[in-house]
Each structure stands twice: as C-alpha cells, then as structure tokens.
Amino acid sequence: MPKKEMPPGALVLLILRVLRSGALHGYAIAQRIHVLSSEVLHVEEGSLYPALQKILLKGWVTAEWGISETNRKVRFYRLTPEGLKQLEAELDGYDRVNEAIQSVLRTA
Amino acid sequence: MSQFLRRLRYLLNRRRFDQELAADLEFHREMAGGIRLGNTLRLREEARDAWGWTWIDRLGQDLRYAARKLRQSPSFTITAVLMLALGIGVNVATFGFFNLMFLRPLPVRNPGTLLHFWRQAPQNLADNFPYSEVAFFAEYSKNLSAVLAASPAKLKIGSEEKLLNASFVTPNYFSELGAAPAVGRLLDPQQNEAPLIVLSYKFWQSHFAADPSIPGKMIHLNNKPAIIIGVAGKEFSGLGLGGPDLWASIAQQIYFTSGGEVQGVQMWGRLRQGLTPSVAEAELASLAARLRQQNPKDIWENETLPSQPGGYAASIRPEMYPVFAIFAALGLLILGASCATLGSLLLARGVSREREISIRISIGAGRARLMRQLFTESVVLAMLGAAAGLILGCLAVRGLIAWTDSPAWLNPAPDWRVIAFALGLGFGAAILFGLTPAWQFARQKVRATKVRQVLVGAQVASSCVLLIVAGLLVRAVNHALTTTPGFDYDHVIAIDPGLHDPTPAQAAEYFAVLMRRLSLVPGVESISMASNPPLGNRWSVSKTNVNGRPVNIHFNNIDPKFFQTMDISLLRGRNLQPGDTNQIVISESLARIEWPSADPIGKTFSKDIVVGVSANARLVSPEDSDAVEVYHLAQQDLLPSMVVLVKVSGSAEGIAPLLTAAAKAVDPKLFPEIQLLKSSYSQKVDLAEYASLTVGLLGLIAMLLACLGIVGVVAYAVAQRTKEIGIRMALGAKPTDVLSIVLRQFATPVIAGLLVGICGAIALSQVLRGQLYGISNLDPIAYLVSTGVFAVAAAVAALFPARRALRVDPMLALRYE
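Same order as they appear, the protein sequences are chains A and B.
In terms of the working numbering, the numbers along the first sequence are unbroken and rise by one, the last being 720.
In terms of the working numbering, the numbers along the second sequence are unbroken and rise by one, the last being 942.
So that you can see chain B by itself, here it is in the shape it has in the complex:
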C-alpha cells in the first residue's frame, strides 16, 4: 500500500524526481572522470522505468503525434469522424431510450428501495390486486416500511365528452415519493375522508390555464363534487410512464365510480433498510395465505408475490428481449458498416504514409511501439467520433421526446451510463477499424488485398441485412394497407360500457337494454358481443408449439352474432349456439396445423369439441402471422366484462355520435368508451410504417457507406495498377478486359457479402415473424428487390472510379517511374 503511495508521489512530482536523478548521474560521471559516455537520456529512462509510469510519457507522445497527424489532413479526419458519429449516434439514441425506460431511476425519493409487486399462482398471473389485499399487506407487513397503491380509472369532468385519466392512490403516495407541490398541498397520509383532488402539472396548465388560485376550487367528477387541494410539481413522475391527469385518495374511488370493491390496483412497497426483496416476498406470501383463510374469494391458492425493482419508468420483461435484440442488432450493423468503411479508408491512407512508416522503422522504431502509435491515432479518431455520436444520439432522443409529447420529468440529457456507453462503443470501434490496418502497417504489408476484400465483404453484408429487413417491413405495411386482416374493421365500432362490477344478472339486463337501444339507431346492421374486442387492449393468448410450428392461440368469448358482425365467414361446420358450453369454433389455420389431413369437425381440442371452422381473422394482433383463434360461447359469468360490437352501414364516423348518445342514455352513472376499429387499425399500421421508415433510413445510410467504401477501394486499385493497365492497353487489351482486371478482385467479396447478408437477414427476421402482417419473413420479393437495389448501387459505385482505368494513356503510364 505504501508502495502505491510512493509511486503516486513520484507521479505527482515527476519533474523534480527526474531532475534529481539527472543530477545524480551528472555527479557520478564527474567523479568517474567521464570515462564511459553512455546515452544519459536512455539511462535516465531505464532508471525511471522502475516507477512504472513510463507509459504515461509514451501515451502523451503518441497522443500529441496523433493529434498533429489528424490536423494535417482535415478532410480525412472530418469524413472519418462523421462516419463514426453516424454509426455511434444511432446506437447512442437506442441506448438512450433504453436507459430512460429501464436503467435510470425515477426522480422520486430513494427509488432503489421501491419494489413493484405482482401476483402469481400455479394457474394465474396478474399485475394488479384487489384493494383489500393491498390494505392487508400495508397493515401487517413488517419488512416493508410503506405500501403504495394506485388504481387507474377514467372519469368525466364537468360536462365534457372526453374522459380524463384519474389515479386513485394511497394517501402516502406523495409523501413517500418525496413529492413537493407546485401550488397548494398534496394528499395528507393521515387523512382520506374527503373527496380531495391533486392535479397533475400538465392538466393544471392545459385545463385550468395554470391558475395559481386553484386550491379550494370545486369541480365535478362523474357528477360528484370534489375539491382541488393542489397541483403536483412539474418534475413529479409518479411510478410509471403514463402519468394521470389527477390523483385522489383510493378511499374515495367508490364515491366517484359508484362501484363495488376496488379491484385492479397496482402495488408497490418500500423495502426496509438492509433487507433483500426475497425476504419481503416471502413475508407477503405468508400474509396472503393468512388472508386467504378469511377471504378465499379474492386470494388465490398458493399465491406468491414476486417483485421487480419499482423505481423505474418501465420494467424489463422477458418477452421484450427479442425487441431489444433486434434494435441492438440493427444499431450494431450500422456501426459495423461505418467501421468497415473507415477501415478501408485507413488502409488507403496507409499507402500515402508508407514512406513515413518505413523511415520510422529504419531508425529503430519497434513494431509494437509503432502499432501502439497507429492504434492511438485510431483511438483518438474514435473518441472524436464518439463525442460527435453522443451529441447526435442525444439530439435524436431529445427530438423524439419533444415530438411524442412525453412527460416533463423525462430528462433526455445523457447521464454517465450513456456517456460510458458512447465511449465504450468508440473504443470497440477503434479496435474494429484500427487494429487490422495498424497491424498491416507495422508489418509493412499495406498492399495486401485480402484485408480490403474482407472489409468490402463486411460492408456489403451489414448494409444488405438492413436493406432486406427494411424491405420486409415495407412489404408488411403495404400488405396491411391493401388487404383486410380477415375482418371488417372499416364499419365496426366497439363500445366498452365500463360496468362497475355488477352481478351477471344485472349485466345481462343492462346489455339487453343497450342492444335494444342501439338497434334502433338508423344505419346499425348487426350487434354482437365479445370478451376481447378486436384490436383492443385486452387479450388472452397462449403461446405454444403445435406439430413443431409456433402458434399463438388467441381465445375469445363471443355471442352467436359475432361472425356476422365482424364479417368473418364460417368455412365448415356450424356457428356457436346458445347452450354450447364446451363447443368451440377454431380458425382455419389452427385447423390446418392441428389436423393437416383430417376433418377437424368433431375433434377434441384441449377438452373442447370443434363444431366449426372460421376464416382466419387476426383480431387482436393482425401483424402476427402465427396468431390463430379459438372462440367459445360467452357464458353468463363473463357478461360483466363484455364489450359490444356494432356494425354499421355507411361511414362509421358519422354514426359514432348517435351510438354514443344511445349508449349513454341507458344508465347516466356510466361513461361508455366508444372506439372505431378503423382508427385502432390505422394506429397499428402507423407504428409499422414508422418502423419501416426508420429501418429504411438506416439501410440507406449503410448502403451509402458501403458504396463510399467501394468507390474508395476501386479507385485505389486503379491507381495502384496504372502501369499494368497501360502495358495491357499497349498490347491491345479491350476496355472490358481492363475493367475486369480492376473489378475482378471485388466480385468475390461483394458476392460473399451478399450471401452472408442474406443469411443474416434470414436469422434476424425470425424475430420479426410476429410483426409482418402475414408476410413471410422469407418473402422472396423483399429479398430480391433489396439485394437487387444493393447490387445496382454497388455496381455503379464500382464502375464510377473504374472508368478512370479506361482513360489511362498507355504512353503516360509507361513513362511513369
């Protein structure tokens, strides 16, 4: 340890120590009478070596030299930095988002000790709780210092049409998260008797024109009076991305929604100091078992309560891995393409530096030292590129955050993780693009074509993957826009009544009235019900393999008029009829996968009997070509959660207000949500459109980079072989022969790169299977067009400099040298 301190002291007083050593040596020499005249400088350096700091001096030399060299050729430096900035910037932008969502803690007090709980039982999984369970945990848990809960609800404000998002929270929500009010006060943990409201900063601004005298005002929510007590701070994030418009105490939820017991509550806990999450999980599981004895209806058998870190905008779930993988792969492909281009640029530059290198080798520079110096140059370039990429990527994140109207607390400024990521990428890139050329220079084998060919191949491969993926996405969007997903979304409107936990009998009564009223609206053709409305946000899906094929089975509970309403034809067998309990209708593709050659009617599918086969209709996820459907007849007990589907003739937009009015008239206490399937569908397709646009842009950038690289290497090949071409032309070679001399050496890498790229795209697109709207991930058109476009671009890029070879004047070429 003290040795380390001495070493450090030496580093800090380097200059003085060196002078002392020099004085010692001088004195020694004087005394010895100057007999041996060795190299004093060298001796000093060797003596200094003992302290282990020589590398700093060398690094300093290398850095100064590198900076000088890069300043000498500004056009090269700028090109290289721009290329790297592009490659690194794309990755920084994606990582920046990932960081904001999953890695950066929320701006609340002690985010590290917050846990988000969900419920699990052998047969069940849910991320929400009945409030009674949360309250029980809050009362009895010893390992959690606080239990927080939030339950979302849609409320009507005043007489406005649009519903607002409210969040009913435990009154300790604000104090526990360390929130400060912008105006007035926040909820008081000790008191939750009155209907008090806290507004979000954004809602306060948009709805109340940031009126500072708002505390104390009365508003009506769902026609119930409530008092505004304050406004949460602008920076208050709550515990997730989708911030509500206002908050109220969870004890008041029944007052506003006039429903029964509060269900669907999200739960967080704050872990006591020094405990691990597993301790709290075990405690809650035993508490749940205790509660089950009192309340067996709400608590599952063998219920466990797994947790995740709660202090983040979103939590990572295993099903997100493929999405992360595909983003990472696309970003790295771009970076790979820019590194490969830069590598060939460096190689070309190496030719002009051959003289310098050989002089340095001949005056005694060691190979290792030389390589280190050249690599330092690459690292300096890479760090410049990383800095530029960091700026570029952060601008992209900032732009997207501004564009998507994200909450104010989402801070796009890069934190240490993003900066470290950019620098790490820069260093990795330096290894990729710098090490091979450095090695080649140092061995003085710059002219070896093999490395250049490999680099061209790598460029071709990576840009090819991007182009093919972009091609697939474009095809998918095109397909989605020009074909139907198997059902009529243009003329169907979904009405979610938002019932407040009624008994099945009450629900049946309600639906009977609702349907009668709806059927009186002119233009209504057919009315039906389903538990999972098409294109909605409810679904029940089971992902399995049937006969070796991955299938996602979507279950739905419907009434007999569903197929008619959704315009889905029945291909075989019969429709579901009242009284059916374990009879099902399955979709055509499921029938074909399950019984490729037999008649599916009458067969058993997991305890149910198939009575009919319907045409394919990917109701919930039209983008997923592995989706198949199983329909049950909706039984009485499901009625409280059903959604009504109405098919209309003519324009859906025109009739929607009439339907809204009719639905509202049934029960003034309810506030039904009306959704046009048409707009849900176009939202879905818009998403795919953005994706194809982004990937297409990346693909074009990569193609441009690859073409630049090809131009560079072919131009170099022409320059290098001018003499040979001259001789051949003098001997009567035809223009095609000349071209083939120059281009032949690149044919193999380009073709190999294309093949590797196609294989890469096949592998990568496997992940995309579920997003292509029925287009196969091996769609030949996408592959052919993308590789075709690339081949043409590459050919043009190669011919452009190759023409120079044709203009070689044999006489001039021969006289050269």
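One chain only, chain A, in its complex shape:
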C-alpha cells in the first residue's frame, strides 16, 4: 500500500468534505479519507488532530458528544454553515487550479 504525502492545505479540504455528509468522530474521519482514496491517502493522527483543532478554532466545525459504533462516548465533529461556505470556496478554487494544471499537463 503506497503512502502518499498529503499536499499542504489539502487535509483541511478533505476533512471538511467528508464531514459534509454528516458528523463523524476523529477516527472515522481518518478511515473515511483512507477508504475513499482507495487506501492511497493515509491520515496520521499527528496531522489529523492539529488540523481538527485549527478547524475548530476557525469555527468551521463544532464538536459534540455522541456514542460510537463500539458504544463509547466520543466526540463527533459537525460542519457549521461557515464550514460549508469555506468548503465550497476551497472546492471551487481547487477545481480551477486542478483544471489549469491538467490542461498544462495535457498540452505541454
């Protein structure tokens, strides 16, 4: 399973994106990214939790207590309206940059 380094800033985007479909706890976020990337991207806890704290500070997500699938009390992170706005803005920007890069890669 090849490990890929995450480009800076991308982690926040991915976290916000996986939270769009509903609240998740920290481990589930890492798992979801791992699975959805066909096991290419691997989110270390050493980068996940600092990123989550930063997102909490920005107010893009809130944390609330819930019960995990293993029946433990754990914190779920939920996207806030600002978080959604931020996600859309970042997606938009990412798409344009991505297209630009792709077109360069195709034609050059």
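Derived by calculation from the structure, the hints in this document are not laboratory data.
Ideal placement from N, C-alpha and C gives every residue a C-beta, glycine not left out.
Heads up, some of the hints might be wrong.
[Claimed, not checked] SDA-like mimics (lysine to any residue), calculated; alpha carbons at most 20 Å apart, straight line: (1) A:K685 / B:E145; (2) B:K789 / B:H345; (3) A:K685 / B:A157; (4) A:K666 / B:A147; (5) A:K666 / B:S127; (6) B:K279 / B:H345.
[What the hints assert, rightly or not] Derived list of chain B stretches under chain A, where covered just means 3 residues or more per stretch with a C-beta under 8 Å from a C-beta of chain A: (7) 127-133; (8) 140-152.
We have chain A; now place chain B onto it with these hints.
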C-alpha cells in the same frame, strides 16, 4: 472577532478541552489497534498549539522554575534585589516628583478642561493680565464656559508684622473647581459686594486654632474690616502649588490695597465640551483686538493668548528641559551602574550553573527555550527589584514632602503612572543586565572575559560621571561660600515699598521722603535704587550668543549711587549721571566678550553708548557664570516699581528693624517688604549645597556598586586561574607577576571606563554651566580629585581579592583536579 472569542473560551476552559482531546486520541488509538505508539503528550501539545496559548504554559513553567532557583540562593537574590531597588528607587523618586508637579491633575473638578492663559505680542510676553481684560473675556467669550482669575497680594492682618499671602479670585473660583468648605461657606458666584474672606485650611489651623465657630468673625486686613465666611477644605488645591493663606473676591482688591486698577492677574478658562484649545485661543485673540479699540493702553498690539493645560500643579516650560535631562541622566547612571554590577554577578553565578545548563542542553533543550528561561529568571528578579524600588522611591517622595511642609492635597501615594514607570524600568533593567548573560549561558561561553570587561567598564564610567558632577557641585558651593559674588551682600538690605500703582511724580515724592528718613537712621552708609534688586525675584534677561559665546545679559535700571552702595568698583570710564538716557555701564566680562582687544568706552551696544565699565557682579544669579550686566540710568517712568537698597555699617540684622520702622512711618497705607541680601544669598547657596549633597550621595552609591562589581570579577578571575598561578609560582614567579596576571585583564576596562566617564561628565556638565557660581564646568580640580578618589577605591577593591592569588599554595593548586 468570533475567532478571538473562541480562542478566549478555549483559554478559560483549557483543562476541559485538553481532556477532550486526550479522550479523542485515546479512542483513536484503541480503534487503530495501537499500531503506532507515538508520544501522546507531544501530539497533544502540537494539537493544542493551534489555539495559540502554549506560551502561557511555558511561561508558567519558566516562572515556577525561576522562583525555585531564586529561593535556592537567597543571599544572591537579596543582593540583586537590593541593588536593583537602589537603582530603580532613585529613578522612581525623581519621576514621582515630576509626576506630582506636571503629570497628575490637580484634585479639582474636571481638571482636563482647564486652560491657563498668558499674553503674547511680537515684543512682549507676560503670564498676567490687567483685570479689565480678564473681565472682558469672561463677559464675551463663547468658547469658555467659565473664566477664572486670581491675583496675589500681601496683606497685613491685625497688627502683626509678618504679611500674609492673599489671593483675590473671581467669585466663581470655588464653585467652578468643585470645592467644598470645611467650615461655613465659600464665595458665592452671584455676590461679591462685601469684603468676605475664605481662610485656607492650614491658615485656619495655624492662626485660629481650628476654631469651628470662625464664620461670621471680623478681622482687619490692611486695617480694613472684613468678615470670615468659611474655611476651604483641607484637600482644596486651588490652581497651583503656592496656596495662599486666604481668598477674597477680586472685586474687593481695591478696597484692601487702596490701589488703582487691578493688574497682575493670572487667568484660567474652562473649555466648553468638545472644543480644542486653539479655538478658544483664536476667539480670545479676536476679543483682545476688539478691546484694544476701546482701551489701547492696556492691550498690546497683535496680542495673542496662548494657553497651556491648567489643571496641573505646574506647567512644563522649555527652559526646564535641561533640568529634567540632568535629573534623568543622573538617575539612569545609577541604574546603569547597578545593572552592570548585577550583570557581572549573574555571569559569575553562571559558572556555578554551567553543569545544570549543559545537562539541560544535552537532554534536548533548545537554545531559544533555554535563553527564554534564563531571561525569565532575570525578569522575575527585576520585577522584585522594581517592587522594592517602588517602595523605596515612594518613601523618599513621602519623606521629602513631609520635610518641605508641602500642601496637604499633594498626595505622594504612587498612581498608575509611577507604578507603570517602575515596572517599565524593571523590564528595561532586565534587558540590560539579563540578556547578555542569558545569551552567553545559552551558547555555553560563560568564560568569555570580554563581556565581563565591558561590564566593569560601564560601571566605572557611570560612577565616574556621578562623582565628577558631585565634585563640580562641591567646588561650586565651596567657591560660593569663600568668595564674594562681586558685590557686598553682607551689609545691604533691600526695601520693596509695594507702591499701589502711583504716578511717577507721586512715586518720586514718596522716594524722596523715604530716602531722607532712611538716611537719618544711624549706621546707614549709602542709599540707592534699582529696578531689579540683587538676588530678588525680578529680573530682565536676554539670552544670546556674542562672538560664539553664550551670554545671559541682565539689564538693570539704577541710580548713580548704586555702585557705591553695592560696593562694585568702576574699572573704566565714568558712572551714570543724571540726564543720561542712552548711556550705559556694562560689566567687565561683557566688555571683554564684545570687544576683546578694543577699548569699550564710546562703543555702541544695541543703540546705547558705553560710558563705563564696572567690575563683574552677578546680581541676580550669582551661580550663572554666563551672566553679564548692562546698567541703564533709571528714568522717571520706572520710579513706581523701584526697590531701595540700603548699605549699613555693622550687622544688617541689628539695623533692619530700625529701617522697617522708618520705612513704615512714611505712609501708613503701605506695607514695605524688607529683605536682607545676606539671607537671600545663603538661601541660594543652601540650594546648591543640597544638590551637591544629593549628587555626592548618588556618586558614592555608584562607586560602592562599582567596587562590589570589581571585587566580584577579580575574585572570580583568581578562582578561575588558581592552577595557572600555582604553576607559575612553582616556576618562580614573583608576587608582582602573579598580581599582574590577575589584574592585567581589568586595567584596560577600568581606564577605558574612566575616559568614557570623563567625556560623559564633560557633556553632562555643559548643562550645569549656569549653576556653578563661576567654577568652570571643566574645572580641573574637580575632575582630578573625583577620578583620583575613584581610582584609589577601584584599586583597593581589586587588590582585596587579588591578595588571595598570592596565598595560593603551588602544591595544592597542582594537585587540584
């Protein structure tokens, strides 16, 4: 903004947030099956970093560690705190005074909106007004909600000899300043018809034994009946430092002093809400122009009315800057000396902590982190020192206020400005004494001698400056006490008749009678008149440069017998004679500066012709060696403001009562003031004596600090080189060789420090030029003696620990290690 609030919420619930994070991580680890076992603590710390509060935790750690370290070595801590307390305390005391005088508002209602006005015209400047002008402003000004005025006068109470200080004020004075009476009532703004008196609290206590039934009593002021209506509160400050003994309405001034129109009135205004002083100034200037059309005699052409904030005990004037500068420089020198001493103490202490530091570096402490920790220690020390210095400085202010019998409202308790000043100084000091050693430790280069040498040099330089300045002041006082200032002050008595605005003819008549009566008093040798009496509080001076030298030209208007009365010899030319109008006599030093090689007689000096040259006599300011004199013959129109000078044979004290009686007999309505020039002179010299005492004390403290520092560093140098000394002694080195090994490294910094100190003293003493009673600010004796004393003290301080080097036993030294 909301981000800031979230951040703040995090800070307040730090513990809970941290526990939640820990729980998250634990759960994550469980789910992941514990595959990767990183450092959880470290991970938590990194995650927490996002909130930006980690520095608080680090600061807490550093502070706790610093406190522990300082508690471990109490003798070091106490020494350091005492040194800092001394250095900071001196500065806090000076700043405390400055604050009381210039920065702290007076305890009156809304001091911030009060303005103090003065008058200015292209050719004129005065801080007082004719009352008619003030009354005009009060009536017509729209930008000032109130105009206040006060006019000082000396009054006789009952049949007592001593005159009291009265202040005639506008009747709104008390209500506008929000004053409350201690007893009875204060002046009523609506009513000023009757001669009503308000006593000051102090005068009420000293003169009327704090009699609570005083309102309604009648007293006689200048033989006129007046009714006391009340006593002002103890805390009432009025609008300045010199509080009067009593107040009365300004409308009543003529009644008491039986003079003409009231002149010499100080004026304040209260600015309306939201206006700037310049608006009021412009309005008053246009009002003044309007008044000039009705009354061209009293109002100047193009008169403007600049203002200053009025709600302070005193206002800052540009000529005070050098005085402030010299006080600040002296205080900072002491602080500099204590910081330098402390710096070398810290360095010496660093040696004993080398092991601790190297252990901490080897287990991974970063250099920046280490430096921050060491600097925190210094800041803790400095804050302790600042607190102690604050107490010390405030005690000094309190002591001086008690000693000088200051008004009761002058509150010496430190306010936020003084506290902030002390803390700021403490922090600055921490940077001075703490940063270099911290940097050195963290780089593990404690043994570098360079820094120590620089510190010794700085100590030497700063204490040297203080000692030299003290030496100059001591010389000046000594000179003032042993030489004459160029005139005879021992046998001359000044009589200020206090005339009430007479015409020149009336004044001439009065003086003729007065002089005839005085000349009949046995023991009177000579009588003269001058417009500016020697050592008095009136002068007219022009500060200029002549041929590149600063000179302060003092003008005086005299009669022909002045030189004889004051015992000033005429060196060349002739005396002033009746009929002279633009002829002048100038003093010798002015002649020499203006015409170094030519004969001054017959030359023109600013439109006047020099007819004579007199010996130097610094009549008004004997302390100012740049003072020169120009004498005019007093013309008729100046007579109303002349002062009589009487030279007597024998003791001036003995004859003074006779002269007083003679002067009083001329006109019972007048109350002349008698002043012995002898006592004026000794008051002036006393002031210089206090100054030299204070600076001398500071100099000694600085010298002591410097010597302590030298003892410390030399003792350290001996300890450090014990082995080397042992080997050299074993090889046959002589005691002088051994001493030179230890002391050589300090010779250069001491000499360099002395030189820097001398240069600093030369620069600083430039400001003192005008205060040295004719002693040059480069006086070689003061410089030689001061540096000599310092050199001896430094040598003793260095030899004292250096002797230890001579007692090194070569065998023991070699066996060591």
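* To do: Would you list, in rising numerical order, the hints stated earlier that this structure does not obey?
  => none
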